[in-house]
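Asker: Sequence:
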Amino acid sequence: MQKSFSLPHIHPDFRLNKLHFTNEELSSVAYSLVKEGEPYEGQAGNFLLDWLNEKDYIEVKTSGSTGAPKMVRIRKQFMINSAKATGKFFDLHAGTTALHCLPVNFIAGKMMLVRAMVLGWHIDLVPPKANPLDQVFKIYDFCAMTPFQLDNSLGRLHLIRKLIVGGGTVSSTLREHVQGLATEVYETYGMTETVTHIAARRVNPKKKKEEVLPFTVLPNVSISTDERDCLVITAPQIAEDPIITNDVVEMISSRSFIWKGRYDNVINSGGVKLFPEEIEAKLAPHIPHRFFVTSLPDPSLGEKLILMVESDFSETALNNLEREIRSIEKLEKYEVPKKIYFVEKFEETSNGKIHRTNTLKSRMA
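Quick note: to get my numbering, add 698 to the position in the sequence shown (first position is 1).
To be clear, the hints were calculated from the coordinates, so they are not data collected in a lab.
Keep in mind it's a predicted model, so treat the numbers as computed, not measured.
Please note that the accuracy of each hint is not assured.
To be verified - Heads up, simulated DSS-like pairs for lysine-lysine below, C-alpha to C-alpha not over 30 Å straight-line: (1) K716 - K905; (2) K836 - K860; (3) K827 - K860; (4) K733 - K786; (5) K971 - K860; (6) K958 - K905; (7) K1028 - K1051; (8) K1028 - K958; (9) K971 - K905; (10) K1051 - K958; (11) K733 - K860; (12) K1028 - K1002; (13) K1051 - K1036; (14) K980 - K860; (15) K759 - K733; (16) K1031 - K980.
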């Protein structure tokens, strides 16, 4: 039998597009957004209607970046707990001004609205496009973006005081671009099942550090590793059971870790374990296109490291790239790709992430 859920009253300081609404008033607003709003507003309206109903859960679609997209149920109380943890970790109180520029059909976009309603933020909705700040002319305390949005918003980032970036890793190139900016930029770690982020790290500290800072977990989150060195998350306020991830990490302390890469992406080449994500971070400053490293079967090595680049092929481009890669001092000899493939257009998941498996299959077909 379906449980009913007693939804807390919306925070008295909550504002949506400058207007305050009670639970009852927000239902009418949600209907209007669905019927009369732009598509992105309709997504917000549909979520608000789901949030305000009597069910104790929300159905959320996973991104599909690490497996087939699926629908998962997340308890509303877990979403409320997550919102409070974010407010505490980032010191975001009632009256915080927030810009919402993410699609609401995924968990990150839903949680921006939940944080606003629970914590009493003043939140404004704008279209979730590549450059969400291009028509913004006021300063906001807080915003959440994808790495792609951040890359397209660097020239106007002074409009955001504190920014979290999720949905993909922040490349070394992008990290360089935000050094020295007044905006506090944080990379987050999390997934749909953890109700967005459970950890974050500052990517542009006041004093620039050569090494990437570790992730620090949010309140009420405990971490450990399994026999594969993969992260295990214990967070009873946002998940019923411990979550065993496929993310290989190096534990720095009981509350911090360094992410090394996906266990299912690890390449065993001649007995050497290679983490594609670490290699990609070293390659990023030298490749001006989207790319990723993966592997193909090899009779002598077991697996050989290859590089996939989203670009038109030419012998000149290939020769120049091979020469550039050989000159990278940080790259160990076994981290140099054995072969480079050019692909005109990468396969993508439903929310725009690179689908490595499908891209490789289509290129090798």
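Asker: If a hint holds in the structure, say so; if it doesn't, say that too.
Answerer: Each hint, compared with the structure:
Proposed proximity of K716 and K905 is contradicted: the alpha carbons are some 37 Å apart, above 30 Å. Distance restraint check for K836 and K860: the Cα-Cα separation of roughly 14 Å lies within the 30 Å cut-off, and the hinted pair is therefore satisfied. Distance check on the hinted pair: K827 and K860 sit about 19 Å apart at the alpha-carbon level, within 30 Å; holds. Proposed proximity of K733 and K786 is contradicted: the alpha carbons are some 36 Å apart, above 30 Å.
The straight-line distance between the Cα atoms of K971 and K860 is roughly 37 Å, outside the 30 Å bound, and the hint therefore fails. The suggested pairing of K958 with K905 holds, with an alpha-carbon distance near 24 Å, which does not exceed 30 Å. Proposed proximity of K1028 and K1051 is supported: the alpha carbons are some 27 Å apart, at most 30 Å. At roughly 16 Å between alpha-carbon atoms, K1028 and K958 fall within 30 Å of each other, so this suggested pair holds.
The hinted pair formed by K971 and K905 fails the criterion: a straight-line CA distance of about 33 Å is larger than 30 Å. For the suggested pair K1051 and K958, the alpha carbons sit about 19 Å apart, so the restraint of at most 30 Å is met. Distance hint between K733 and K860 is unfulfilled; the C-alpha atoms sit about 33 Å from each other, more than 30 Å. For a cut-off of 30 Å, the pair hint linking K1028 to K1002 stands: about 20 Å separates their Cα positions.
Distance restraint check for K1051 and K1036: the Cα-Cα separation of roughly 25 Å lies within the 30 Å cut-off, and the hinted pair is therefore satisfied. Distance hint between K980 and K860 is fulfilled; the C-alpha atoms sit about 27 Å from each other, no more than 30 Å. The hinted pair formed by K759 and K733 meets the criterion: a straight-line CA distance of about 23 Å does not exceed 30 Å. As the CA atoms of K1031 and K980 are separated by approximately 13 Å, the hinted pair is consistent with the 30 Å bound.
In summary, the structure is inconsistent with hints 1, 4, 5, 9 and 11 from the numbered list given earlier, while agreeing with the others.
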